[in-house]
Amino acid sequence: DSGVTQTPKHLITATGQRVTLRCSPRSGDLSVYWYQQSLDQGLQFLIQYYNGEERAKGNILERFSAQQFPDLHSELNLSSLELGDSALYFCASSPTPRSAYNEQFFGPGTRLTVL
Amino acid sequence: AQKITQTQPGMFVQEKEAVTLDCTYDTSDQSYGLFWYKQPSSGEMIFLIYQGSYDEQNATEGRYSLNFQKARKSANLVISASQLGDSAMYFCAMREAGRGNTPLVFGKGTRLSVIA
Numbered sequence: 001d002s003g004v005t006q007t008p009k010h011l012i013t014a015t016g017q018r019v020t021l022r023c024s025p026r027s028g029d030l031s032v033y034w035y036q037q038s039l040d041q042g043l044q045f046l047i048q049y050y051n052g053e054e055r056a057k058g059n060i061l062e063r064f065s066a067q068q069f070p071d072l073h074s075e076l077n078l079s080s081l082e083l084g085d086s087a088l089y090f091c092a093s094s095p096t097p098r099s100a101y102n103e104q105f106f107g108p109g110t111r112l113t114v115l
Numbered sequence: 001a002q003k004i005t006q007t008q009p010g011m012f013v014q015e016k017e018a019v020t021l022d023c024t025y026d027t028s029d030q031s032y033g034l035f036w037y038k039q040p041s042s043g044e045m046i047f048l049i050y051q052g053s054y055d056e057q058n059a060t061e062g063r064y065s066l067n068f069q070k071a072r073k074s075a076n077l078v079i080s081a082s083q084l085g086d087s088a089m090y091f092c093a094m095r096e097a098g099r100g101n102t103p104l105v106f107g108k109g110t111r112l113s114v115i116a
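If you read the sequences in order, they're chains A and B.
1 is the number of the first residue of the first sequence in our numbering; add one for each residue after it.
1 is the number of the first residue of the second sequence in our numbering; add one for each residue after it.
Treat the hints as calculated values from the structure; they're not laboratory data.
As the structure is a prediction and not an experimental result, all values here were calculated from the model.
Certain hints may be false.
As the list claims (entries may be wrong) - Simulated DEER-style distance windows between Cβ atoms:
id, chain 1, residue 1, chain 2, residue 2, range
1, A, K57, B, Q69, 31 to 37 Å
2, B, S31, A, I60, 40 to 46 Å
3, A, S79, B, Q69, 44 to 50 Å
4, A, H10, B, Q8, 42 to 48 Å
5, A, E53, B, S31, 35 to 41 Å
6, A, S65, B, Q30, 31 to 37 Å
7, A, L39, B, Y64, 41 to 47 Å
8, B, N67, A, H73, 46 to 52 Å
Said to hold, decoys possible - Under 8 Å between C-beta atoms, here's a sample of chain A residues computed to sit facing chain B:
id, residue
9, A14
10, D40
11, G42
12, Q48
13, P108
Stated by the list, open to error - Facing chain A, from chain B, some residues (calculated, C-beta under 8 Å):
id, residue
14, F47
15, Y64
16, I115
Built from N, CA and C at the ideal position, the CB exists for glycine as well.
One chain only, chain A, in its complex shape:
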């Protein structure tokens, strides 16, 4: 158990819908990252938050947005869903201080299926 929690574990929805994925980082971790894992694109970084502020953006679509709340949990919102958005979405958190050598701890992921 990494200490990072994600809900829900599975999500099945229809095209055009909107969903919210939730993540709680490890206790004390200020950095939260969202990654998408799909068969064709592999593991891709979407967005990072640090202590409530957006820190870095990767290959995140405009239909997707995220935020980190004062209690440090984060939510990833996916709207106008398309079949190609079906993927495993991971949240990860990283301890401070800032370093390249801090590993990221991954949550169990949310498997999104868009029908």
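Chain A is already provided as a structure; the job is to place chain B on it using the hints.
Structure of chain B alone, referenced to chain A:
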């Protein structure tokens, strides 16, 4: 820009044998970290081992060791005494140090199958 290359889509190894999973990387930074993660069929990402770019010794964690060759920009994972439970996808990843807690960049992974 950072890039990770894993050239082996799939590997087979006999139980109790050692296996090496290849990883090469590209970065213009002098300070960076290299990581290996394991993803079993259940889907979770399990951190295995890391190597800092300034570490002079190769990292080891139990049956895992990282063969770090900085001049060749390679960071191969060696698993000794393979077990059936080692069957999984393995991802090499890196992050650069310059801008703080930066995201990881992943390779496409290698699927390891351990045969009894």
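Each hint, compared with the structure:
1. Checked against the hint of 31 to 37 Å, the C-beta distance between K57(A) and Q69(B) comes to roughly 33 Å, which is consistent with it.
2. About 26 Å separates the C-beta atoms of S31(B) and I60(A), a value inconsistent with the hinted range of 40 to 46 Å.
3. Checked against the given bound of 44 to 50 Å, the beta carbons of S79(A) and Q69(B), roughly 45 Å apart, stay inside it.
4. Checked against the hint of 42 to 48 Å, the pair H10(A) and Q8(B) fails, with Cβ atoms roughly 31 Å apart.
5. In this structure, E53(A) and S31(B) break the distance hint of 35 to 41 Å, their C-beta atoms being roughly 24 Å apart.
6. Against the hinted window of 31 to 37 Å, the Cβ-Cβ separation of S65(A) and Q30(B) comes to about 35 Å, which satisfies the hint.
7. Distance hint for L39(A) and Y64(B): a CB-CB separation of about 27 Å, inconsistent with the stated range 41 to 47 Å.
8. Checking the proposed 46 to 52 Å range against N67(B) and H73(A) shows it is violated: the Cβ atoms sit about 39 Å from each other.
9. Proximity of A14(A) to chain B is violated relative to the hint, the smallest CB-CB distance being about 23 Å (cut-off 8 Å).
10. Interface hint at D40(A): violated, since its Cβ lies 11 Å from the closest Cβ of chain B, which is beyond the 8 Å cut-off.
11. Taken as an interface hint, G42(A) checks out: its beta carbon lies about 5 Å from the nearest beta carbon of chain B, inside 8 Å.
12. For Q48(A), the shortest C-beta to C-beta distance to chain B is roughly 6 Å, which falls under 8 Å, so the interface hint holds.
13. Because the closest C-beta pair between P108(A) and chain B is about 5 Å apart, less than 8 Å, the hint holds.
14. For F47(B), the suggested interface contact is upheld, since its CB lies about 5 Å from the closest CB of chain A, less than 8 Å.
15. Look at Y64(B): its Cβ only gets to about 13 Å from chain A, farther than 8 Å, so that hint breaks.
16. Annotation: I115(B) was flagged as interfacial toward chain A, and the flag is violated, the nearest CB pair being 25 Å apart, outside 8 Å.
Comparing the model with each numbered hint stated earlier shows that hints 2, 4, 5, 7, 8, 9, 10, 15, 16 do not hold.
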